[in-house]
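Visitor: Residue numbers (this note's numbering), protein chains in the order written: chain A, 1 to 538; chain B, 539 to 667.
FYI, nobody ran anything at the bench for these hints, they're computed from the structure. Backbone N, C-alpha and C fix where the C-beta goes; we use that ideal spot for every residue, glycine too.
Beta-carbon label-pair distances, calculated as ranges: (1) 201/A / 595/B: 49 to 59 Å; (2) 577/B / 533/A: 54 to 64 Å; (3) 643/B / 528/A: 42 to 52 Å; (4) 654/B / 166/A: 17 to 27 Å; (5) 654/B / 236/A: 29 to 39 Å.
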Amino acid sequence: MQRAPDTVLVNGKLVVYDGAPAQALAVRDGKIAAIGNSSDIRALAASSTRIIDLGGRTVIPGLIDSHIHAIRAGLTYTTELDWTGLRTLAEALERIRVAARSRPKGSWLVVAGGWTDRQFTENRRPTQAEITAVAPDHHVYIQELYSRVLLDPGGADALGLAGVPELAARVTVERNKDGHPTGWLSADNRTISDLYDLLPRPTFAQQIAGTRAFFRALNALGITGVADPGGYNLAIPAYEALLQIWRERRLTVRVRYSISAPRRGHELDDFKGLTQLLPMRFGDEWLRFNGIGENVTWGFYGNDNPSDAQKEELYEVLRWAVSRGMTATFHWHNDRPLHHLLDVLERVNEETPLANLRWSIAHLNDASMPSLKRMKAMGVGWLVQNAFYFRGEAFLGQRGADAARDLPPIVSALRLKLSIGGGTDAHRVMGPSPFVSLQWMVDGKTISGLVMRTPQELPSRIEALRIYTQGSAWFSFEEDERGALAVGQLADLAVLSRDYLTVPVDDIGDTVSMLTMVGGRIVYADGPFASHEDKRLD
Amino acid sequence: MRSAAVVPILALAIGFATYASKALAGGDDYDAANDVKGAGPAYFGFVRDARGSPVVDALVALRPKKGKPVSLQSNALGLYRGHISKDVLPDDVQISCEKTGYKQVKVYRRTPPGNTAMFIETECTMQRQ
Numbered sequence: 001m002q003r004a005p006d007t008v009l010v011n012g013k014l015v016v017y018d019g020a021p022a023q024a025l026a027v028r029d030g031k032i033a034a035i036g037n038s039s040d041i042r043a044l045a046a047s048s049t050r051i052i053d054l055g056g057r058t059v060i061p062g063l064i065d066s067h068i069h070a071i072r073a074g075l076t077y078t079t080e081l082d083w084t085g086l087r088t089l090a091e092a093l094e095r096i097r098v099a100a101r102s103r104p105k106g107s108w109l110v111v112a113g114g115w116t117d118r119q120f121t122e123n124r125r126p127t128q129a130e131i132t133a134v135a136p137d138h139h140v141y142i143q144e145l146y147s148r149v150l151l152d153p154g155g156a157d158a159l160g161l162a163g164v165p166e167l168a169a170r171v172t173v174e175r176n177k178d179g180h181p182t183g184w185l186s187a188d189n190r191t192i193s194d195l196y197d198l199l200p201r202p203t204f205a206q207q208i209a210g211t212r213a214f215f216r217a218l219n220a221l222g223i224t225g226v227a228d229p230g231g232y233n234l235a236i237p238a239y240e241a242l243l244q245i246w247r248e249r250r251l252t253v254r255v256r257y258s259i260s261a262p263r264r265g266h267e268l269d270d271f272k273g274l275t276q277l278l279p280m281r282f283g284d285e286w287l288r289f290n291g292i293g294e295n296v297t298w299g300f301y302g303n304d305n306p307s308d309a310q311k312e313e314l315y316e317v318l319r320w321a322v323s324r325g326m327t328a329t330f331h332w333h334n335d336r337p338l339h340h341l342l343d344v345l346e347r348v349n350e351e352t353p354l355a356n357l358r359w360s361i362a363h364l365n366d367a368s369m370p371s372l373k374r375m376k377a378m379g380v381g382w383l384v385q386n387a388f389y390f391r392g393e394a395f396l397g398q399r400g401a402d403a404a405r406d407l408p409p410i411v412s413a414l415r416l417k418l419s420i421g422g423g424t425d426a427h428r429v430m431g432p433s434p435f436v437s438l439q440w441m442v443d444g445k446t447i448s449g450l451v452m453r454t455p456q457e458l459p460s461r462i463e464a465l466r467i468y469t470q471g472s473a474w475f476s477f478e479e480d481e482r483g484a485l486a487v488g489q490l491a492d493l494a495v496l497s498r499d500y501l502t503v504p505v506d507d508i509g510d511t512v513s514m515l516t517m518v519g520g521r522i523v524y525a526d527g528p529f530a531s532h533e534d535k536r537l538d
Numbered sequence: 539m540r541s542a543a544v545v546p547i548l549a550l551a552i553g554f555a556t557y558a559s560k561a562l563a564g565g566d567d568y569d570a571a572n573d574v575k576g577a578g579p580a581y582f583g584f585v586r587d588a589r590g591s592p593v594v595d596a597l598v599a600l601r602p603k604k605g606k607p608v609s610l611q612s613n614a615l616g617l618y619r620g621h622i623s624k625d626v627l628p629d630d631v632q633i634s635c636e637k638t639g640y641k642q643v644k645v646y647r648r649t650p651p652g653n654t655a656m657f658i659e660t661e662c663t664m665q666r667q
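Make a model of the complete structure from these sequences and hints.
Guide: So, in structure tokens, the structure goes:
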């Protein structure tokens, strides 16, 4: 006879993808042991079983962000300020004022992305005078996306920017109509990232605290898993905080991570060295290595016009990755030059089929159907994020309205049976809320309310949720283990504050989790469920 | 502790980085439309009412200090987009919008002043009369 469940959840509204509607489930040994109606599931409980009445709330599979810079975000989560979701610039400035009261004079107050001026009712960015007024005795660094940085009047000096002429030469000083500097500096993504690297680093203890706090914040949004693609501002030693938390068995989010190329010109040697004792999928159910990327080679990272030598360099790295059975994920923005990347992938694919390796291309917001078909033919998937939620208007201005009506073509890609994962690309270019991304998927609106996408490319709520759960799980070879409320799957789930399936679409983005479970452990609980949160290890 | 002169000093130290043809000012990763080189900056933006809804078929006038004005029309999204000339400085262009039954309430240029930007975004807010 089977042992009684550890936990049963009853009187809920379970979102079951491929089965009968259900109101309850039982959890045993970290997995879903049974699903059904409340009376049948309650009958499985023994005196030792924890019984939680959900009060009719909606339960979804745990959300998996398939492209989020979670490791980097965690390092500074408690030492930087966050403007995600704020609706007024006044509130944003108040956060700086409050932080200035408690932090040592002369220290840095940093907001490193995750916001856009369009989210504010004031409809503008802050000025240097405003940040100086709220933090007269501190240095202030405000980064908008990867686009520009606002510094206090002494900020550039404190960063030592003039002492790095190669970097300073890549920066444009913004000026007002009278020709005076405004305090804003603009540059390309790499330069902005290099500017950020001039800031003081958090201590190791701060990195640990920040990572744990950030993962808890993700849990509060129903996130149970992330795929981290490395990227800017994340040197290899910076992984140590994550590894320590994992060693201490304190992770509350399942982390799948790929490694970006650390050094330009040394990509293959560095990957070989880093993975000598790190085979594909090495790790456990909490932390697992998932290949290389999103920067596979610097020559193909944000470069729409790679040279023949850079193509050859990528080809050699990918041949090696294939020989090691490794997956790869690629950062790529624009469809027009995508053929450069697809040509190299097809060359490798001709020698050794890639289909079983589950490679992916991230972003590609203007994906064309011919490109997606080429990806599909190789078994390469697509990682979609809600970049247009912040950047839609800018994209329209650059390309014109006609170019954007079907972008990104999510429904067409689903019809193609292309593998798609959902995500945010947080924390520089977007906030981490999966519900903001889900809302954007189903309504196609920017943060300003502009409807960009035609109805034909708006997936249903269930289709979007599947992308953000089962779809994302596919990219780490785990769609049979998590991503659905089904018997035998890991008990990763979220009990929501509102019914995702029926709430007005404009309200989806404000949804949060009331209870988040990972592997049967309640890692986050709030409101009526607060007492059920499993005791923290500390 | 303040050094009010730091930013000007920085500007001297680094010079004025010119607009890079590939990396869009502002670090936008999307490739630009290919029409901005010959035709000059793209002037674009949205015509909206006070509630943020698009105002369709509004006439948007781009008036340079010298030369002929250019008239554009907002589409179903409230979006307008067009060029004047590569010889016209964006800071010398006045933008206004009009539509029968509406009055212009506010014109806000989102793109900061300067002569290097290739995408000049200006929002126009209108109110039904």
